[in-house]
Amino acid sequence: CTLFDSHRLYGTVMASNGLPDAIETCRKLRNDGNTVSLLGEVGIRENNFPIVLQKHHSILDLYPSVRNSLARLKSADVPMGVVTSLPRWIWEPMIDALHLQDMANTVEGWRRGFSKATAIQVVLRRLSVPSGPVSYMSRPPSSSTSCATIRVVARMM
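Just so it is clear: in the sequence shown, position 148 is 158 by my numbering, and no numbers are missing.
Heads up, some of the hints might be wrong.
What the hints assert, rightly or not - Simulated restraints, written as ranges between beta carbons of each label pair:
#1 Arg98 - Arg37: 25 to 31 Å
#2 Trp99 - Lys126: 17 to 23 Å
#3 Phe124 - Ala86: 26 to 32 Å
#4 Ala127 - His66: 29 to 35 Å
#5 Glu34 - Asn115: 33 to 39 Å
#6 Ser138 - Gly53: 39 to 45 Å
#7 Ile61 - Ser85: 18 to 24 Å
#8 Ile61 - Arg121: 23 to 29 Å
#9 Gly123 - Asn27: 17 to 23 Å
#10 Arg82 - Val139: 17 to 23 Å
#11 Asn27 - Pro97: 16 to 22 Å
Keep in mind the hints are simulated off the structure, nothing from the lab.
We put the beta carbon where it would ideally sit given N, CA and C, even for glycine.
Given these sequences and hints, build the entire structure.
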């Protein structure tokens, strides 16, 4: 499920670094805009993203009830993994800023030639989850709340 809305952070960061409108930037991102390309347009790259994130980290926040839900799962010894479509240089500092590194047992991000289905399979192997059908969950597009609203959007064999 989606843990936080990073588009607000990207929009603010990009607007403060030269793109004229945070709301327009968020709209582009929500309509399949490429995060890495948009960040690059304003000079934000792997070498300076952690510094930029430090400046704007207060904008980055989990959806309501996510931290408590993750803590309950962790205390019940439920193995958890994170799969993201972002490259490591973006997701790793965000995971650190949100103090999520102790919640997830493993994280897998974008790599060239790596589909989300492959990333999910890699995470499941790392978690020692038996092979079989995989459910990919996402919050419905109309929802802006939390993991309480997850639904299965695809099943992969």
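Against the structure, the hints come out as follows:
no., hint, in the structure
1, Arg98 - Arg37: 25 to 31 Å, "26 Å, holds"
2, Trp99 - Lys126: 17 to 23 Å, "18 Å, holds"
3, Phe124 - Ala86: 26 to 32 Å, "30 Å, holds"
4, Ala127 - His66: 29 to 35 Å, "32 Å, holds"
5, Glu34 - Asn115: 33 to 39 Å, "38 Å, holds"
6, Ser138 - Gly53: 39 to 45 Å, "42 Å, holds"
7, Ile61 - Ser85: 18 to 24 Å, "35 Å, violated"
8, Ile61 - Arg121: 23 to 29 Å, "24 Å, holds"
9, Gly123 - Asn27: 17 to 23 Å, "30 Å, violated"
10, Arg82 - Val139: 17 to 23 Å, "19 Å, holds"
11, Asn27 - Pro97: 16 to 22 Å, "19 Å, holds"
When the structure is compared with the earlier hints, violations turn up for hints 7 and 9 and for no others.
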